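S.K.: Each chain, letter by letter, is given below.
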Amino acid sequence: MKKIYIREEYCIGCRLCEIYCQVKHSKSKKIIKAFKEELVDIIPRVLVEEIGYNSFAIQCRHCADAPCVDACISGAMKKNKNTGVVTCDEDKCIGCWSCIMVCPYGVIRRNVSDKKIVSKCDLCEDEDIPVCVKNCPNEALIFKEIDEKIQVTR
Amino acid sequence: MALKLNQSEFEIERDPEKCISCQVCVRQCSNDVHDFDSDNDTIFSDDSSCVGCHRCESLCPTGALRIKERETQFKTNYNWSAGHLQNIYRQADAGGVMLTAMGSDKPYPIYWDHILFNASQVTNPSIDPLREPMEIKTFIGKKSDRLEFETNNASGKNSFKLKSKLSPQLELSTPIIFSAMSYGSISFNACKSLARASQEFGTYYNTGEGGLHKDLYKYAGNTIVQVASGRFGVDIDYLKKGAAIEIKIGQGAKPGIGGHLPGEKVTKDISNTRMIPEGTDAISPAPHHDIYSIEDLSQLIYALKEATEWTKPVGVKVSAVHNIAPIASGIVRAGADFVSIDGLRGGTGAAPQVIRDNIGIPIELAIASVDERLREEGIRHRASILAAGSIRSSSDIIKAIALGADAVYIGTAALIAMGCHLCQKCYTGKCNWGIATQDPYLTKRLNPDIGTRRLLNLLRAWSLEVKEILGGTGINAIESLRGNREHLRGIDLSDRELSILGIKHAGEAW
Amino acid sequence: MKAKNNTIKENKIIDYMIIGNSAAGLAAAEGIRKLDKDRRIVIFTEEEHFNYSKPLITYYLAGKADIDKIYFKDEKFYQDNDLEVKTKTRVEDINADNLMIRAENGDEYKFGKLLIASGGKPIIPKIKTSGTGLNQSGKSIGFIDSTNYKKIDGIFTLTTLDDAIKIKKYIKKNEIENISILGGGLIGLKSAEAFLELGININIIELADRILAATFDREASSIIENAIEDRNSKIYKNNTIEEIYVKNGKINGFRLKDSEETSCNLLVIAIGVSPNIDFVDPGKIKTGRGIIVDDHMQTSYHLLKRQPLLPVYLILWIMTAKR
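Chains as they are written, first to last, in the working numbering: chain A, 1 to 154; chain B, 1 to 510; chain C, 1 to 323.
Think of the hints as simulated: they come from the structure by calculation, not from any bench.
A quick note: this is a predicted structure, and the numbers were derived from the prediction, not measured.
Honestly, I wouldn't trust all of these hints.
[Unchecked claim] Between beta-carbon pairs, the in silico distance windows are: (1) A/Ile58 with C/Glu75: 51 to 59 Å; (2) C/Asp82 with A/Glu148: 48 to 56 Å; (3) A/Glu127 with B/Gly95: 52 to 60 Å; (4) A/Glu127 with C/His296: 41 to 49 Å; (5) A/Gly52 with B/Glu309: 41 to 49 Å.
[What the hints assert, rightly or not] Okay, derived cross-link-like pairs now, DSSO-like style, lysine-lysine, Cα gap no bigger than 30 Å in a straight line: (6) A/Lys30 with A/Lys116; (7) C/Lys250 with A/Lys78; (8) A/Lys3 with C/Lys37; (9) B/Lys137 with A/Lys30; (10) B/Lys504 with B/Lys137; (11) B/Lys68 with B/Lys165; (12) A/Lys116 with C/Lys169; (13) C/Lys250 with A/Lys29; (14) B/Lys18 with A/Lys134; (15) C/Lys37 with A/Lys2; (16) A/Lys36 with B/Lys68; (17) C/Lys113 with A/Lys81; (18) A/Lys36 with B/Lys18; (19) B/Lys192 with A/Lys144; (20) A/Lys29 with C/Lys69; (21) C/Lys113 with C/Lys34; (22) C/Lys173 with C/Lys76; (23) C/Lys34 with A/Lys78; (24) C/Lys64 with A/Lys116; (25) C/Lys166 with C/Lys88; (26) A/Lys79 with C/Lys34; (27) A/Lys116 with C/Lys76; (28) C/Lys166 with C/Lys64; (29) C/Lys76 with A/Lys78.
The C-beta atom is built at its ideal place from N, Cα and C for all residues, glycine as well.
With these hints in hand, go ahead and build the complete structure from the sequences.
M.R.: Quick look at the structure:
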């Protein structure tokens, strides 16, 4: 299953990935309109963590055995057996935030801009590559299938 | 200080309709030009610190920024231009030597732009490089005076075997080599991109004065190692690893003086590579202190050949100065396998502005006179000529070769391919593109994968264009173009200039 | 979700039988399927609804969730995991010696392994009543307890979807403007949240000196108490209902321990749950406050039993069990 991986030695901390994620999940899907006219705060699903000059972007890992799916009390969080993508059905989500508490990567975000729910990476299922990967100016984000049982060393 | 005699060179135009206050510009500017005001959710830009590197404009997701040169409005004065006034203000402030970087930007005549190339018409038909073989492979090194063959008729068939021993050669798949840029003046990622691109394309890059970093040993087969006046990083392993050795006497941007890497930029990695203590200034003296005559140079050349068991070409790099022709002749007679000539507009990481802009001569004139002199003396074959100093396009390459060069060095062009915007502030170490800096926050910005790819693209594109131009004039091998002045015509040049270049004026025929 | 195909094909031995179609039962079914892809798994539930997420019933009550959207696992889950469900089938008795259960309608089923995941049922305290119209002869019964509380209109518990549906209908039909909740624990407060969302004022009557006494410390409890009291509601602490007034078979009001009297048309009793194990014979399978189990959750008769626990603990339990 292709997932998004970060090469932190090339992440420059510009946060363009966050911006394009916000555009993708906006109503208008147009960058200027989304930021200037849409009243609702759009939550980016990818987050750039920084310490000193080190930075990296992290988002949902779509875990094989996802703790968020187990923790979900309303059945909103589901892992698609075929694509492997873990998605949150926003109509069923009741904002109990149990998934946020159990996520070992801390990549599920609280979303109180409209209803009280959660937001997390959905691998941009209707795009050929996720918009964060496509728009990273330094190609730090890659979209690849990697056998995670083998440690990748560079 | 309160009295600002120095005006800022650039102004930043931000379109408020397009700016979404995403703060990418704020994060990416190493000169802290942009600042986010959280009270009213806008970004304020301080023009005075802007160096015109365009990093913010290039990354802005909505294209809201435009960097413009800001004309300082003095009373019109052709003699006392704004540049002169600014320099005096700065020197009156600080009392130091004015530094600058990259090649000279002064409006001296650019001879490349006054030379035109030929094409075939009725006779000697054009060749289509996509349909027929076009040879641009180039060999750098000493060519033999004569070749002897063994003939063997014993088995009844005529067979020939080469008897003469050839001098060591560098084989280039294209007549373009990456110029000397030291690790220290540019970042490791930049060096790595140059090394990888040379290996993948089949050409070479030059270590410059910075020594050879151990992580680049795997590209050693494509590395020309430089022995400069400071002898940084020079030991027997360094000499043996390189594919060729270049003794650096001078460079085009600062003829007559040596190099200077400030102690702040001498990190642990650079200290190891250059073999100097961490934090000390890396000063290359002006002369090699063991070369005070042409005989000393000859001695060093042969010492290096002995040390490397005569397996590698050993050459010499000089700046193009007034008497470049006899100097080159002397160097060839001293035993050099190649002579690199760096012209007036050569680039650098740091040099005093007065020296960069006023010392040396343009490379076009230098190559022409050197090639002419060596041919007259009958020693042209004993060394290859490498031309450096602002090769900006494939047409410059063609013209350089037609004037007599064997191959060209590209420095500035390679950096531009990797993202450089020629803001001329390399000496500050704050290069926003991750090229001329050692700051770990900034060096991340040059991803060697991307750098290598762009350099390969540049080499590929220029090589194809060279082939196209050659094909257009009915030539199918770059050998046939070398020194072939008949394919060039000057335009808007004086008789004297035409004579020095050795070319006719456009409109004149044979 | 509507109940579908009660697909008990023929009365062969059911390899894995699970009593209870909610979080625990379904988690167990999914876990069993990971290890055993072939044998039959049959789930019995006394409810008529397919399955639903218990925490969402108050959202349904508040009008925030559609009844179509509160399923916990969808039909595909049952198909993919090859599970059979028997709805509206309350288990009445476990015949441990013969590895058989008997349903309320008399049907008997044999099992290979049995998992009791029947959850909890609400505790109804014994409260004195007075007034009219409680039994056919019009005389007062004198008290309510778990056996007869349903005979009085307007007294509800809230642990199942059916409860929520009934309450919702009752509110609509009777134009209720305020509701009293006996019990300031998690269930009581979740129902309070739903009623406040509907714009109805509430009274909470709590035995301890603060609400959520079993879950939070004093400071946390007071934060929530303040939030509730800010919304036109009243919390009675250190108090309980001593007598319920009934009129014509409907609740009319009640008297508190401190003698204060209040009128009331709808009372929700939410003082806690106890394990839903009426069908377990303590002679064969040891029980105490729940079913007594060993480290492998096996009963004294080596059947499988899960303790009914509050939702929070259930989530953590499922996670650890599945590993």
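S.K.: Next, verify each hint and record whether it holds.
M.R.: Right, here's what the structure says about each hint:
no. : hint                               : verdict
1   : A/Ile58 with C/Glu75: 51 to 59 Å   : violated (35 Å)
2   : C/Asp82 with A/Glu148: 48 to 56 Å  : violated (29 Å)
3   : A/Glu127 with B/Gly95: 52 to 60 Å  : holds (59 Å)
4   : A/Glu127 with C/His296: 41 to 49 Å : holds (48 Å)
5   : A/Gly52 with B/Glu309: 41 to 49 Å  : holds (48 Å)
6   : A/Lys30 with A/Lys116              : holds (25 Å)
7   : C/Lys250 with A/Lys78              : violated (44 Å)
8   : A/Lys3 with C/Lys37                : holds (29 Å)
9   : B/Lys137 with A/Lys30              : violated (50 Å)
10  : B/Lys504 with B/Lys137             : holds (28 Å)
11  : B/Lys68 with B/Lys165              : violated (59 Å)
12  : A/Lys116 with C/Lys169             : holds (27 Å)
13  : C/Lys250 with A/Lys29              : violated (56 Å)
14  : B/Lys18 with A/Lys134              : holds (22 Å)
15  : C/Lys37 with A/Lys2                : holds (28 Å)
16  : A/Lys36 with B/Lys68               : holds (26 Å)
17  : C/Lys113 with A/Lys81              : holds (28 Å)
18  : A/Lys36 with B/Lys18               : holds (9 Å)
19  : B/Lys192 with A/Lys144             : holds (24 Å)
20  : A/Lys29 with C/Lys69               : holds (28 Å)
21  : C/Lys113 with C/Lys34              : holds (17 Å)
22  : C/Lys173 with C/Lys76              : violated (37 Å)
23  : C/Lys34 with A/Lys78               : holds (17 Å)
24  : C/Lys64 with A/Lys116              : holds (12 Å)
25  : C/Lys166 with C/Lys88              : holds (17 Å)
26  : A/Lys79 with C/Lys34               : holds (15 Å)
27  : A/Lys116 with C/Lys76              : holds (27 Å)
28  : C/Lys166 with C/Lys64              : holds (17 Å)
29  : C/Lys76 with A/Lys78               : holds (12 Å)
Hint compliance for this structure: hints 1, 2, 7, 9, 11, 13, 22 are not met, and every other hint is.
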